[in-house]
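J.: Sequence:
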Amino acid sequence: MALQFLRQHLSGAKSVAFAAMVGAFVAVQPVSVSHAQGPVSVADLAEQLADAVVNISTSQTVKGERSVPMPQVPDGSPFQEFFEEFFNRQNRGEDRPRRVQSLGSGFVVDGVEGIIITNNHVIEGADEITANFNDGTKLKAELIGTDEKTDIAVLKVTPDKPLKAVSFGDSDAIRVGDWVMAIGNPFGLGGTVTVGIVSARNRDINSGPYDNFIQTDASINRGNSGGPLFDMDGNVIGINTAIISPSGGSIGIGFAIPAKTATRVISQLREFGETRRGWLGVRIQEVTDEIAESLGMDEAMGALIAGVNDDGPAAEAKIEPGDVILEFDGRPVETMRELPRMVAETAIGTAVDVVVLRKGEKVTLKVTLGRLEEAAAEDGDKDKGDDQTTDTPSDTEVLGMILAELDDAARQEFGISEDVTGVVVKQVAPGSSAEEKRVQAGDVIKEVAQEPVATPDDVIEQVEKLKEDGRRSALLLLSNPTGELRFVPVRIED
Numbered sequence: 063m064a065l066q067f068l069r070q071h072l073s074g075a076k077s078v079a080f081a082a083m084v085g086a087f088v089a090v091q092p093v094s095v096s097h098a099q100g101p102v103s104v105a106d107l108a109e110q111l112a113d114a115v116v117n118i119s120t121s122q123t124v125k126g127e128r129s130v131p132m133p134q135v136p137d138g139s140p141f142q143e144f145f146e147e148f149f150n151r152q153n154r155g156e157d158r159p160r161r162v163q164s165l166g167s168g169f170v171v172d173g174v175e176g177i178i179i180t181n182n183h184v185i186e187g188a189d190e191i192t193a194n195f196n197d198g199t200k201l202k203a204e205l206i207g208t209d210e211k212t213d214i215a216v217l218k219v220t221p222d223k224p225l226k227a228v229s230f231g232d233s234d235a236i237r238v239g240d241w242v243m244a245i246g247n248p249f250g251l252g253g254t255v256t257v258g259i260v261s262a263r264n265r266d267i268n269s270g271p272y273d274n275f276i277q278t279d280a281s282i283n284r285g286n287s288g289g290p291l292f293d294m295d296g297n298v299i300g301i302n303t304a305i306i307s308p309s310g311g312s313i314g315i316g317f318a319i320p321a322k323t324a325t326r327v328i329s330q331l332r333e334f335g336e337t338r339r340g341w342l343g344v345r346i347q348e349v350t351d352e353i354a355e356s357l358g359m360d361e362a363m364g365a366l367i368a369g370v371n372d373d374g375p376a377a378e379a380k381i382e383p384g385d386v387i388l389e390f391d392g393r394p395v396e397t398m399r400e401l402p403r404m405v406a407e408t409a410i411g412t413a414v415d416v417v418v419l420r421k422g423e424k425v426t427l428k429v430t431l432g433r434l435e436e437a438a439a440e441d442g443d444k445d446k447g448d449d450q451t452t453d454t455p456s457d458t459e460v461l462g463m464i465l466a467e468l469d470d471a472a473r474q475e476f477g478i479s480e481d482v483t484g485v486v487v488k489q490v491a492p493g494s495s496a497e498e499k500r501v502q503a504g505d506v507i508k509e510v511a512q513e514p515v516a517t518p519d520d521v522i523e524q525v526e527k528l529k530e531d532g533r534r535s536a537l538l539l540l541s542n543p544t545g546e547l548r549f550v551p552v553r554i555e556d
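Residue numbers (the numbering used here): 63 to 556.
The hints are simulated quantities; they were obtained by calculation from the structure and are not laboratory data. Think of the CB as a built atom: it goes at the ideal place given N, C-alpha and C, for glycine as much as any other residue.
Cβ pair distances, simulated, as ranges:
| # | residue 1 | residue 2 | range |
| --- | --- | --- | --- |
| 1 | Lys226 | Glu355 | 54 to 60 Å |
| 2 | Asp372 | Val174 | 44 to 50 Å |
| 3 | Ala235 | Gln110 | 16 to 22 Å |
Simulated pairs of lysine-lysine, DSS-like, Cα-Cα distance not exceeding 27 Å:
| # | residue 1 | residue 2 |
| --- | --- | --- |
| 4 | Lys508 | Lys380 |
| 5 | Lys428 | Lys380 |
| 6 | Lys527 | Lys421 |
| 7 | Lys200 | Lys223 |
| 8 | Lys322 | Lys218 |
| 9 | Lys200 | Lys218 |
| 10 | Lys424 | Lys380 |
| 11 | Lys529 | Lys424 |
| 12 | Lys527 | Lys499 |
| 13 | Lys218 | Lys202 |
| 14 | Lys202 | Lys223 |
| 15 | Lys202 | Lys226 |
| 16 | Lys211 | Lys322 |
| 17 | Lys380 | Lys421 |
| 18 | Lys424 | Lys527 |
| 19 | Lys508 | Lys424 |
| 20 | Lys508 | Lys527 |
| 21 | Lys200 | Lys226 |
| 22 | Lys322 | Lys428 |
| 23 | Lys508 | Lys421 |
| 24 | Lys499 | Lys421 |
| 25 | Lys421 | Lys529 |
| 26 | Lys508 | Lys529 |
| 27 | Lys529 | Lys499 |
| 28 | Lys322 | Lys226 |
Please construct the entire structure, taking both the sequences and the accompanying hints into account.
T.: Right under this line is the structure:
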């Protein structure tokens, strides 16, 4: 009708052209609408998978505490006896141990062996763990192993007959916008199915060193932790583990551990009862735009080596502070946070090629990975306090810092170890680039633009060379008084 009306009120070529345009629009509309509808129903899929998803209930004994503390009253007060009697009566029995219960989700990956996967935080500290199945069956679960860094736990039950199990899929193949389905136990409401899409991939939420989460808007709530995130083929592509929510309920931002990360951890927990990760033996920093410019790199990428363990695999392979790791075992290292995950996923004892950028040249080194001892995991750089001191006539000012030779007096003043060498920073100018980068009095400059320095004149000489080369910043290798290293790019003022 609308097309006929337009034809009646337009004439000639205009009518024909406009009608053709409207007809084309009407013709293509159903195609775009059908694409936006998503799956018609997930009922068959949910029915097929429900028996493999379990509710995890735990209980533990915790030490009781007085819930109502008695106020302090002066000794000899006529009210002291009254208060003691009243609060003792109120708190009677509160200090006795009590049982605390919690709920979560999980799923069966081996129906014959009775292997169930859940989150570590679901069962952490539990005295008893029970798996509650869709048909009402309850089985006591034994803890096989846990991994706090990826928040994964492996449980085992002893069933009378093989259990319904699900398989892991390829989490690398999942794309942003793909439909996914979660089944779990939100707020204790077992067997709950929710559907959404993959909102993002490779999310880092600062929960651990190997963050690489799948983000989804499928409703994930308290109690969903440890449950599966399925693709539309019924494969587990993630383990639901965290949400962002001010209220504690779903606001459409949930996170799942990718299947690729989970499968390796689960395999090791089943075989050894613990994880066995590769170890490189380095401390790393992010390559910022300023650091990239100071190193002559076209773009900021890779992981900057800030320190090397003396007895680690990297030291044996001649990796040095100041190197930027660009490739690891044939895979590009786009950002710093990718390297720890790549190393951890590589088998212990494997010899891999590591491509580093060293003073503008690419160098390939062969590294044989060791084993990461979890208890000896390295901490990040620690900042020292803002100790300040006044300059003396022999001090030199450069890049907003007062520098001096590292003599015995400076070592005693700042508590600098005997094995630390370089040029000591005695004072930092307020508002300078060095202050912005948290350079502090007591720091020691060991290198400028990857060249060792021993005197303030050496620092000045290297800075002048950088100016001649048109560099806008100088990359300093700093040591704190205890010897911990870090790289800092400081702007070269005009």
